[in-house]
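**Q** From first to last, the protein sequence lines stand for chains V and E.
Per the numbering used here, the very first residue in the first sequence carries number 37; after that it's consecutive.
Per the numbering used here, the very first residue in the second sequence carries number 37; after that it's consecutive.
What the hints contain is simulated information worked out from the structure, not anything from laboratory work.
Being a predicted model, the structure only gives us computed values, none of them experimental.
Warning: the hint list may mix true and false statements.
As the list makes no split between identical chains, a pair holds if one copy fits it or if it spans any two.
List time: in silico DMTMM-like cross-link candidates among lysine to aspartate or glutamate, alpha-carbon distance up to 25 Å [claimed, not checked]: (1) Lys303 with Glu422; (2) Lys317 with Asp132; (3) Lys58 with Glu322; (4) Lys121 with Glu53; (5) Lys395 with Glu421; (6) Lys58 with Asp387; (7) Lys246 with Asp132; (8) Lys121 with Asp387; (9) Lys58 with Asp346; (10) Lys57 with Glu392; (11) Lys246 with Glu422; (12) Lys395 with Asp364; (13) Lys395 with Glu422; (14) Lys395 with Glu164; (15) Lys58 with Glu389; (16) Lys121 with Asp364; (17) Lys406 with Asp369; (18) Lys303 with Glu421; (19) Lys409 with Asp387.
Given next are the chains, with one letter for each unit.
There are 2 protein chains.
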Amino acid sequence: MRKGVHIPAGFRFSTVEAAIKKPGRKDIALILSDTDAVMTGSFTRNAVKAAPVRLDMQRIRSGKGRAIVVNSGNANACTGVRGMKDAEETARSIADSLHLKGTSVYVCSTGVIGTPLPMERILPRLPELASAVGTATFDDVAAAIMTTDTFPKMASIRKKIDGRTVTIAGVCKGAGMICPNMATMLAFLITDAAVEKAALKAALRSAVRKSFNRITIDGDMSTNDTALIMANGAAGNAPIRLGTNGYFVFEAALSHICAELATLIVKDGEGATKLVEIIVKNARTETEAERAAMAIANSMLVKTAIYGNDANWGRLIAAAGYSGSAVDDSRVDISLNGLMVCRNGMATGRDKEANELLKNTTVTVVLNLKLGKGTAKVLTCDLTEEYIRINAEYRT
Amino acid sequence: MRKGVHIPAGFRFSTVEAAIKKPGRKDIALILSDTDAVMTGSFTRNAVKAAPVRLDMQRIRSGKGRAIVVNSGNANACTGVRGMKDAEETARSIADSLHLKGTSVYVCSTGVIGTPLPMERILPRLPELASAVGTATFDDVAAAIMTTDTFPKMASIRKKIDGRTVTIAGVCKGAGMICPNMATMLAFLITDAAVEKAALKAALRSAVRKSFNRITIDGDMSTNDTALIMANGAAGNAPIRLGTNGYFVFEAALSHICAELATLIVKDGEGATKLVEIIVKNARTETEAERAAMAIANSMLVKTAIYGNDANWGRLIAAAGYSGSAVDDSRVDISLNGLMVCRNGMATGRDKEANELLKNTTVTVVLNLKLGKGTAKVLTCDLTEEYIRINAEYRT
């Protein structure tokens with residue numbers, strides 16, 4: 037077990053190698069709750085949804101489940117009727133081996149789009165995946181779900197609720213094709229807290245909105261984004277209900293975990309050398325602040341300027357200007373890592389100093405629009421030659 | 037005069053060097069009509085507009101003008117009250133030298149944002165710019181307005197209207213920060229046709245919509261985009277009125293010129309190695325077709341895949357899926373340079389052949405959504421390491 041990562045009670049894990057994309061690594065993971073868990077999820081808003089996403093969206097309506105099977109190396113997206121059959125068959129195999137109800141198993145996939153899953157290699161390994169449950173660590177799960185990720189991503193937190201210690205832990209994968217609404221991002225959250233369905237739903241929605249939905253690497257939203265949470269109640273607390281103190285503690289803890297995982301995703305952005313925090317303050321509304329921050333975060337010109345240590349704040353103000361949010365450039369202040377480079381829409385003459393500050397591997401950009409009280413923060417990374425190399429060669 | 041570029045009667049040009057960004061090249065150009073011209077324009081929809089854009093938007097309400105002064109090397113954007121004064125003073129100086137009404141002179145700027153114009157170097161050169169009119173060619177104008185452009189961009193066409201030969205010619209500059217609504221794109225169209233104001237307005241709107249507004253290089257919309265057209269009537273035709281045969285001939289000719297100029301801009305996209313044509317067919321509406329095509333054209337993952345000769349059509353369908361337009365992936369056909377790689381949302385197994393076809397420097401992507409009759413074409417280019425290098429180092 038990784039030092040410092042707390043694992044909630046009543047969950048077990050396993051991983052196997054099915055050589056989905058290539059041999060040499062574990063590429064299927066199983067997360068099993070020992071008892072029925074309350075579950076909810078958040079899914080891509082892309083009109084084109086991978087088969088496992090469509091399957092999980094049906095199953096999540098029950099509000100419960102026992103297991104999640106995840107494969108990397110193949111997204112099982114744009115695979116037609118066969119794709120749906122493959123996702124169902126994967127779930128059924130695990131359910132059969134573990135004597136679970138078929139619909140209590142969820143399936144997630146990530147990887148290349150448009151290639152059917154190699155079921156001839158996957159199916160023979162599933163009984164072993166089921167029987168080996170308990171032999172793998174949460175780290176192993178985090179590693180098995182990686183695609184172009186360069187490190188496994190985990191976080192956990194412990195809180196007292198209702199006199200009991202409850203634990204929330206999460207793993208995720210990201211790297212490329214990350215945009216609001218969780219593009220090619222998979223996140224699995226597990227907790228031993230007992231949580232009512234409505235409360236779990238509200239807490240996840242709130243946590244996702246300010247974490248996974250406020251990160252962007254390249255502006256591309258995938259067909260497979262999924263965040264699932266399982267709450268199995270093994271901590272023995274009275275089920276957390278909406279609006280209670282316990283709820284707020286739980287929601288804050290979950291938000292914390294999601295924010296931590298989201299930050300890890302951006303830190304591991306394909307080819308990225310810098311973590312960039314875009315804060316838009318005092319927009320007319322929070323939605324307008326978010327829209328302006330997202331436009332800046334997705335601007336190729338902004339991202340390349342930051343990569344090049346160039347305090348080219350004109351690109352920041354231009355991106356805010358075309359975001360669709362109200363911007364009066366004669367009021368805009370912009371600071372880069374604490375140094376004001378633009379006051380009331382004009383240069384302060386400190387770009388050279390700012391260029392130096394941009395050499396930091398963490399860059400904080402603050403735009404103060406002075407039009408209202410809406411504030412939002414979006415995380416992104418710089419855009420480098422390495423991103424191009426990775427994505428020009430991804431399938432080859 | 038460049039071989040093959042026809043120049044409309046009654047226009048003269050000049051250029052001077054003011055070392056705006058650096059010395060060594062002509063960086064201010066003047067286009068003068070010998071008589072009052074009917075004028076109309078199309079401007080950036082960015083909320084943050086450069087001073088010259090705001091000035092021209094006021095002046096264009098008169099529907100006429102005599103001259104356009106253009107500088108490269110500095111956008112005169114985010115330059116506050118001073119920026120507006122500088123733009124006005126530039127126009128006034130030319131007007132004084134040429135004994136024109138002050139408001140009949142238009143000003144355009146392109147280059148870095150946030151730095152005031154070096155008026156101490158510009159103002160002394162303006163009388164010479166005015167007096168030298170007639171000494172420069174249209175090529176010289178095209179060269180003077182370049183920023184990171186690698187070649188001057190011109191086009192012209194001749195048509196018979198009302199028994200007279202009328203000529204339309206245009207210059208433009210582009211290269212980076214190109215997105216719909218004409219990001220850092222300047223285009224100047226001149227014609228000796230006599231055209232009524234309403235007809236000129238309609239013809240320009242129609243031509244821009246399917247040309248400059250359907251190209252994208254990096255998805256960034258600038259503070260300075262401007263297309264201006266001057267029609268001085270020197271051809272002696274009866275003024276072209278809306279809805280007449282002459283109007284349709286003129287509109288088609290203008291659309292042709294704008295499309296040609298727009299294509300040149302994309303061909304010269306920063307760091308680009310390929311011209312990419314994205315055609316979305318049979319969307320529910322033309323607007324949905326355009327939105328899907330634009331999402332694909334702006335996708336970093338699509339652009340890097342094309343750069344890498346990777347027929348990764350999953351990225352195409354994913355981008356269409358998140359565009360907001362209706363997409364039913366089980367109906368989508370995709371072809372790359374004529375080869376179908378995806379039929380009804382599934383692989384045809386011909387990606388390797390398609391990879392070979394992508395080595396062509398012109399790539400045509402066709403998505404057939406089979407949902408309606410809306411069709412649109414967007415031009416873009418691939419995304420390369422060179423784009424990153426250019427934009428990470430632009431100001432340094």
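**Q** Indicate, hint by hint, whether the structure satisfies it.
**A** Evaluated hints:
Taking the shortest Cα distances, lysine 303 and glutamate 422 sit within 25 Å of each other both inside one copy (14 Å) and across copies (24 Å). Taking CA atoms no more than 25 Å apart as the test, lysine 317 paired with aspartate 132 passes in neither setting, with 53 Å inside one copy and 45 Å between copies. Taking the shortest Cα distances, lysine 58 and glutamate 322 never come within 25 Å of each other, neither inside one copy (45 Å) nor across copies (42 Å). Proximity of lysine 121 and glutamate 53 under a CA criterion of 25 Å is satisfied intra-copy only: 21 Å inside one chain copy versus 69 Å between copies.
Both within a single protomer and between protomers do lysine 395 and glutamate 421 lie at most 25 Å apart by alpha-carbon distance, with minima of 17 Å and 20 Å respectively. When the C-alpha separation of lysine 58 and aspartate 387 is checked against a cutoff of 25 Å, the pair qualifies only between copies, where the shortest distance is 19 Å, while the shortest distance within a copy is 48 Å. Proximity of lysine 246 and aspartate 132 under a CA criterion of 25 Å is satisfied in neither setting, with 38 Å inside one chain copy and 57 Å between copies. Within a single copy, lysine 121 and aspartate 387 get their C-alpha atoms only as close as 57 Å, which misses the 25 Å cut-off; across copies the closest is 24 Å, which meets it.
Taking the closest pair of Cα atoms, lysine 58 and aspartate 346 come within 25 Å of each other only across two copies (19 Å); inside a single copy the shortest separation is 40 Å, beyond that limit. For a Cα distance limit of 25 Å, the shortest separation of lysine 57 from glutamate 392 across copies, 22 Å, qualifies, whereas the shortest one inside one copy, 43 Å, does not. Proximity of lysine 246 to glutamate 422 under the C-alpha cut-off of 25 Å is found in neither arrangement, the shortest distances being 28 Å within a copy and 34 Å between copies. Proximity of lysine 395 to aspartate 364 under the C-alpha cut-off of 25 Å is found in neither arrangement, the shortest distances being 30 Å within a copy and 45 Å between copies.
In this homomeric assembly, lysine 395 and glutamate 422 come within 25 Å of each other (Cα to Cα) both inside a single copy, at 18 Å, and across copies, at 21 Å. Taking the closest pair of Cα atoms, lysine 395 and glutamate 164 never come within 25 Å of each other, the shortest separation being 49 Å inside a single copy and 44 Å across copies. In this assembly of identical chains, lysine 58 and glutamate 389 lie within 25 Å of each other by CA distance solely across copies; the values are 22 Å between and 48 Å within a copy. Within a single copy, lysine 121 and aspartate 364 get their C-alpha atoms only as close as 53 Å, which misses the 25 Å cut-off; across copies the closest is 19 Å, which meets it.
In this assembly of identical chains, lysine 406 and aspartate 369 lie within 25 Å of each other by CA distance solely inside one copy; the values are 8 Å within and 48 Å between copies. With identical chains, the CA atoms of lysine 303 and glutamate 421 are at most 25 Å apart both within one copy (16 Å) and between copies (21 Å). In this homomeric assembly, lysine 409 and aspartate 387 never come within 25 Å of each other (Cα to Cα): the closest approach is 28 Å inside a single copy and 51 Å across copies.
Figure legend: structure checked against the earlier numbered hints; hints not met, in rising order: 2, 3, 7, 11, 12, 14, 19.
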